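Going down the list, the protein sequences come from chains S and R.
With the first letter of the first sequence counted as 1, position 257 gets the number 257 in the UniProt record's numbering; the numbers rise by one all the way through.
With the first letter of the second sequence counted as 1, position 367 gets the number 367 in the UniProt record's numbering; the numbers rise by one all the way through.
It should be emphasised that the hints constitute simulated quantities derived from the structure, not laboratory data.
Quantities reported herein were computed from a predicted structural model and do not represent experimental measurements.
Hints may be right or wrong, so weigh each one.
The list makes no distinction among identical chains, and a pair is therefore deemed to hold if it is satisfied within one copy or across any two copies.
Each computed SDA-like pair below joins lysine to any residue, with the alpha-carbon atoms no more than 25 Å apart [stated by the list, open to error]: (1) LYS280 to ALA177; (2) LYS486 to ARG131; (3) LYS280 to SER220; (4) LYS280 to THR230; (5) LYS139 to LEU112; (6) LYS376 to ARG222; (7) LYS199 to ARG131; (8) LYS441 to TRP127; (9) LYS280 to ILE129; (10) LYS441 to PRO428.
Number of protein chains: 2
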Amino acid sequence: MTSRFLLTTLLAGAFATPAHADVLVDNFKGYTVGADGTVAQVGAMVLDDAGTIKAVYAPGQKPSKKGVRFHIDGKGRILLPGLIDAHLHVLSTGFAALTLDLSETTSLADALNKISAFAAEHPDRAWIIGRGWNQEKWKLGRFPTAAELDMIVPDRPVWLERVDGHAGWANTAALKAAGVTSSSQAPAGGSIDKDASGKPAGVLVDAAQDLVAKAVPPPSARDRDLALATAQRIFIRYGLTAVADMGSTIEDWQTFRRAGDANKLYVRIMSYAMGVDAMKLIGGPGPSPWLYADRLRLNGVKLYMDGALGSRGAWLKAPYADKPDTRGLPQLNQTQLGNLMSRAAMDNFQVAVHAIGDAGNGTLLGAIDDLSQTYKGDRRWRIEHAQVIDPADWPRMGRIAANGGIVASMQPVHQTSDRVMAEARLGPDRLRGAYAWKSLKGTGATLAFGSDAPVEKPDPWAGLAAAISREDENGLPPGGWQPQEKVDRATALAGYTSQAAYAGFAESRFGRLAPGLRADFIFVDTDPMSASPAEIRKTKVLETWVGGGKVWDAADPDAKGITSSETKPSKGR
Amino acid sequence: MTSRFLLTTLLAGAFATPAHADVLVDNFKGYTVGADGTVAQVGAMVLDDAGTIKAVYAPGQKPSKKGVRFHIDGKGRILLPGLIDAHLHVLSTGFAALTLDLSETTSLADALNKISAFAAEHPDRAWIIGRGWNQEKWKLGRFPTAAELDMIVPDRPVWLERVDGHAGWANTAALKAAGVTSSSQAPAGGSIDKDASGKPAGVLVDAAQDLVAKAVPPPSARDRDLALATAQRIFIRYGLTAVADMGSTIEDWQTFRRAGDANKLYVRIMSYAMGVDAMKLIGGPGPSPWLYADRLRLNGVKLYMDGALGSRGAWLKAPYADKPDTRGLPQLNQTQLGNLMSRAAMDNFQVAVHAIGDAGNGTLLGAIDDLSQTYKGDRRWRIEHAQVIDPADWPRMGRIAANGGIVASMQPVHQTSDRVMAEARLGPDRLRGAYAWKSLKGTGATLAFGSDAPVEKPDPWAGLAAAISREDENGLPPGGWQPQEKVDRATALAGYTSQAAYAGFAESRFGRLAPGLRADFIFVDTDPMSASPAEIRKTKVLETWVGGGKVWDAADPDAKGITSSETKPSKGR
Numbered sequence: 001m002t003s004r005f006l007l008t009t010l011l012a013g014a015f016a017t018p019a020h021a022d023v024l025v026d027n028f029k030g031y032t033v034g035a036d037g038t039v040a041q042v043g044a045m046v047l048d049d050a051g052t053i054k055a056v057y058a059p060g061q062k063p064s065k066k067g068v069r070f071h072i073d074g075k076g077r078i079l080l081p082g083l084i085d086a087h088l089h090v091l092s093t094g095f096a097a098l099t100l101d102l103s104e105t106t107s108l109a110d111a112l113n114k115i116s117a118f119a120a121e122h123p124d125r126a127w128i129i130g131r132g133w134n135q136e137k138w139k140l141g142r143f144p145t146a147a148e149l150d151m152i153v154p155d156r157p158v159w160l161e162r163v164d165g166h167a168g169w170a171n172t173a174a175l176k177a178a179g180v181t182s183s184s185q186a187p188a189g190g191s192i193d194k195d196a197s198g199k200p201a202g203v204l205v206d207a208a209q210d211l212v213a214k215a216v217p218p219p220s221a222r223d224r225d226l227a228l229a230t231a232q233r234i235f236i237r238y239g240l241t242a243v244a245d246m247g248s249t250i251e252d253w254q255t256f257r258r259a260g261d262a263n264k265l266y267v268r269i270m271s272y273a274m275g276v277d278a279m280k281l282i283g284g285p286g287p288s289p290w291l292y293a294d295r296l297r298l299n300g301v302k303l304y305m306d307g308a309l310g311s312r313g314a315w316l317k318a319p320y321a322d323k324p325d326t327r328g329l330p331q332l333n334q335t336q337l338g339n340l341m342s343r344a345a346m347d348n349f350q351v352a353v354h355a356i357g358d359a360g361n362g363t364l365l366g367a368i369d370d371l372s373q374t375y376k377g378d379r380r381w382r383i384e385h386a387q388v389i390d391p392a393d394w395p396r397m398g399r400i401a402a403n404g405g406i407v408a409s410m411q412p413v414h415q416t417s418d419r420v421m422a423e424a425r426l427g428p429d430r431l432r433g434a435y436a437w438k439s440l441k442g443t444g445a446t447l448a449f450g451s452d453a454p455v456e457k458p459d460p461w462a463g464l465a466a467a468i469s470r471e472d473e474n475g476l477p478p479g480g481w482q483p484q485e486k487v488d489r490a491t492a493l494a495g496y497t498s499q500a501a502y503a504g505f506a507e508s509r510f511g512r513l514a515p516g517l518r519a520d521f522i523f524v525d526t527d528p529m530s531a532s533p534a535e536i537r538k539t540k541v542l543e544t545w546v547g548g549g550k551v552w553d554a555a556d557p558d559a560k561g562i563t564s565s566e567t568k569p570s571k572g573r
Numbered sequence: 001m002t003s004r005f006l007l008t009t010l011l012a013g014a015f016a017t018p019a020h021a022d023v024l025v026d027n028f029k030g031y032t033v034g035a036d037g038t039v040a041q042v043g044a045m046v047l048d049d050a051g052t053i054k055a056v057y058a059p060g061q062k063p064s065k066k067g068v069r070f071h072i073d074g075k076g077r078i079l080l081p082g083l084i085d086a087h088l089h090v091l092s093t094g095f096a097a098l099t100l101d102l103s104e105t106t107s108l109a110d111a112l113n114k115i116s117a118f119a120a121e122h123p124d125r126a127w128i129i130g131r132g133w134n135q136e137k138w139k140l141g142r143f144p145t146a147a148e149l150d151m152i153v154p155d156r157p158v159w160l161e162r163v164d165g166h167a168g169w170a171n172t173a174a175l176k177a178a179g180v181t182s183s184s185q186a187p188a189g190g191s192i193d194k195d196a197s198g199k200p201a202g203v204l205v206d207a208a209q210d211l212v213a214k215a216v217p218p219p220s221a222r223d224r225d226l227a228l229a230t231a232q233r234i235f236i237r238y239g240l241t242a243v244a245d246m247g248s249t250i251e252d253w254q255t256f257r258r259a260g261d262a263n264k265l266y267v268r269i270m271s272y273a274m275g276v277d278a279m280k281l282i283g284g285p286g287p288s289p290w291l292y293a294d295r296l297r298l299n300g301v302k303l304y305m306d307g308a309l310g311s312r313g314a315w316l317k318a319p320y321a322d323k324p325d326t327r328g329l330p331q332l333n334q335t336q337l338g339n340l341m342s343r344a345a346m347d348n349f350q351v352a353v354h355a356i357g358d359a360g361n362g363t364l365l366g367a368i369d370d371l372s373q374t375y376k377g378d379r380r381w382r383i384e385h386a387q388v389i390d391p392a393d394w395p396r397m398g399r400i401a402a403n404g405g406i407v408a409s410m411q412p413v414h415q416t417s418d419r420v421m422a423e424a425r426l427g428p429d430r431l432r433g434a435y436a437w438k439s440l441k442g443t444g445a446t447l448a449f450g451s452d453a454p455v456e457k458p459d460p461w462a463g464l465a466a467a468i469s470r471e472d473e474n475g476l477p478p479g480g481w482q483p484q485e486k487v488d489r490a491t492a493l494a495g496y497t498s499q500a501a502y503a504g505f506a507e508s509r510f511g512r513l514a515p516g517l518r519a520d521f522i523f524v525d526t527d528p529m530s531a532s533p534a535e536i537r538k539t540k541v542l543e544t545w546v547g548g549g550k551v552w553d554a555a556d557p558d559a560k561g562i563t564s565s566e567t568k569p570s571k572g573r
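Work out the full structure: start from the sequences and follow the hints.
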């Protein structure tokens, strides 16, 4: 646990009589996922001084008051375990909140207006950085161009990431600053959109994005600290008490540690290093220990098998239905993938691989199958997104599940956002294997849910609603898309709690309300076990508690610099 | 303080009555440097549970026994504050100790025995690296062979450099790893020793050595962890309880943090990043906080103004006396130096610059003088080595000392090792400004002492002896070289304790025996305030204590994995 927190505890221990001062939490309607995956009701809890759950009581059971010195009155509200997002990008979420957001734009014109307004608001910024555009949503039928950006921002470089992070849109100043010209070659795994005359048109896809991205001045350490604080504030407002950071650089890790050292890490981060070199530098001979009272750990490594469906970077077994001349492409060949996975596995790092297309997922499952012969034991191989898997490959997934264990790390909201695009990309025959939550769970895989923020909002309530309904925020399509893949409420809640913890080797530390686990819990205004999907989407998080300390209170939304040492419940609250 | 250490404290607090359990240390003859730089005698100390000094008593004063539950009997021995080395290279010191030294071997059989013993001692070293063999001294009449090495180390690569560095001896595993085969061609200026059948026999001469040398893998994280543990073991045996690491890479820092996270950091490390990029990556927006109960901090940055005297890289105002065609050269021009120092100073990183020659030191003093106009306050600009400074520049040093503060970070043993070489390089007229400890202290500069290990042994006793005598280990020259620059015993002891702490902004945390400071102290067999320089050189360190915990005991030299949590004094000891 963090020094300052322990110090608090120590002083309590030293000057208080009796030595321990437990906390009773009662008068709430609580749910938790049990070790068996079913949902159980909880009526009261006793927490110890160190922020750990000592006892959990069913409704009607009488809690022991022995050693209890503090009381938290649930005021009859709904209480749940703190929610966990199994796949997002922590600093990017913070930076996204600090940069131009185009995710709500409905047309190219709308986007251009927002961009010019943002540029006017920030005359001091050398580069205009933004993200979230989606030409599909704009019904543009093509990529936007540099010329269109030049009309509104001719003087400064502009660099705008697509909603899925798999393409970037530059103006001429940015292309110039990056030295991208007609003669520029796209690197393997990427492409440069060109106009009729062969000039770069403005958009660069997948690996080619780096041609411009590397010309963007890197954020300073102060920028990173601000982004982390911003991201944590966003997470706790949604009721997230833990997240998996999918692709941590050494700079990201140093930012996490600065926050931990300053006792300002109040959302738990399970980190996956961006590639094997970062993994070796961050973790050294193996995964890090759990640091700062289980608030940070390097679990393993994040690798990329292929790209995304929207930008047609996802690697398919058969051509794209809406672009028959391409099947997308792998980011790594089979040998490279095997070597990287094996380098990680030999030192017991957990391996998490991004795979979207059915060819990407099939190849990855083959690689995992092979490696499982060498690297035995509890491995929990993670497939990030697992978006389109050929049903013919499901049995193999089941075989691995029964062996080293496999995690399907999926994002329910991607299904609702991608639906129309996915139908266009895949055509009708491949949809059975797309976003197939229930079927993948059926193979025996662990189903962990997340948001992929900042690609989507890190909103677990939208995710829970989508998971049980497969309807979007407008209730479309009624009854749900490919409804046979809906999951029940217990599975959905487990995907955001116990299973997301298991996916990060954290099930003995947090993710459920059970003795010995960290006291991470939330009070909300809606009962997710009985409310309609639409109501669940509107859930308001009233309080968020991490390690027995309150880090968010809707009644005091502007509380600053919340840290674990400032969060001991005060007597009689 | 580290979680585990605090936990110990917490439990003591929780279960013991009364809450605190102080430790009385008495029955010793103790010395400490006072805040005023004079040496005071100490007769007893009381430490608290957290390893901090609560009270210090003069000889004859009666210590208060209130709250005391443990006792450490000094048995009449000499007690000193833990010594501090203000300039060394932590991991290089460890790696040097992990390199097999064959220079004393008298026969091939003797060498083979030493090699196999070394291999057995270091099962986790991927490669066995050594140096110093000489087949002439062995009267072998031929080069040794790979086959002979294979007999004792068949499983791992072995690479051993000849005493003169002009040949290398490999085993078959090393030749295989390097891809050296019968068909390998020796590069120009090199040759490959071959057997009758034309196979590489094991020895590669001159330029050919690189064929194997380049195959030696860079140190792994495990190698670094081992090097750190080895270095710490060496330091505590010499009575060093804190060191300044002059030039930490991010890999070094990660190694320090791994040790801290595992509660295996028991020598305090004041880290100076190797250059500005490493500084920004390690420290972020500024110096790190003190971590792990004051066991680790990134203080600032290490820069290089020039090279060394021996290789004539040191930058002199006038030509070298023994090579009039050169004056050496700067590593940075004045603009580069100013920019780097300014980048560090603007974020309050401490700046430590290597400067050896009088031109290098003069230029550096000029740069500091300029920067002091912009970056005010307590800066403690550090000059590392400050070996040859033109007396004409001494007043400027005094001006800076009175302003932002300046540290002359010097290595007494360099003077005794370099004496003959320095006279040749500098000629008679420049010696007055060479290794001028007393004069530089006279300007008002803070005089901090170190070893520059592994360049010299990290032996503070040799340093103390040299500092007060300017005689080498053979007592030469009698009366001392440039004896006017000897320092008194108080100044020498301060240079290895209070001033070395001040040089690292640590004077309020450790470096003296005083209330509120960490209880870092040593028991030794020799009284440095009365013994002769020769006797001081032979000082045996009997026990080393860091933060109130014993980390080294000459009576139990093989104690393994000493950590702060294992070092609480047991009752009645």
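Now the hints, each set against the structure:
1. LYS280 to ALA177: between (33 Å within a copy, 22 Å between copies)
2. LYS486 to ARG131: Neither way: LYS486 and ARG131 sit 30 Å apart in one copy and 66 Å across, limit 25 Å.
3. LYS280 to SER220: both (23 Å within a copy, 9 Å between copies)
4. LYS280 to THR230: between (28 Å within a copy, 21 Å between copies)
5. LYS139 to LEU112: Intra 15 Å, inter 77 Å, cutoff 25 Å: intra-copy only.
6. LYS376 to ARG222: Between copies, since 22 Å is at most 25 Å while 42 Å is not.
7. LYS199 to ARG131: within (23 Å within a copy, 59 Å between copies)
8. LYS441 to TRP127: neither (44 Å within a copy, 46 Å between copies)
9. LYS280 to ILE129: between (31 Å within a copy, 23 Å between copies)
10. LYS441 to PRO428: Cα proximity of LYS441 and PRO428: one copy only (22 Å, versus 84 Å across).
Taken one by one, the earlier hints fail for this structure at numbers 2, 8, listed in ascending order.
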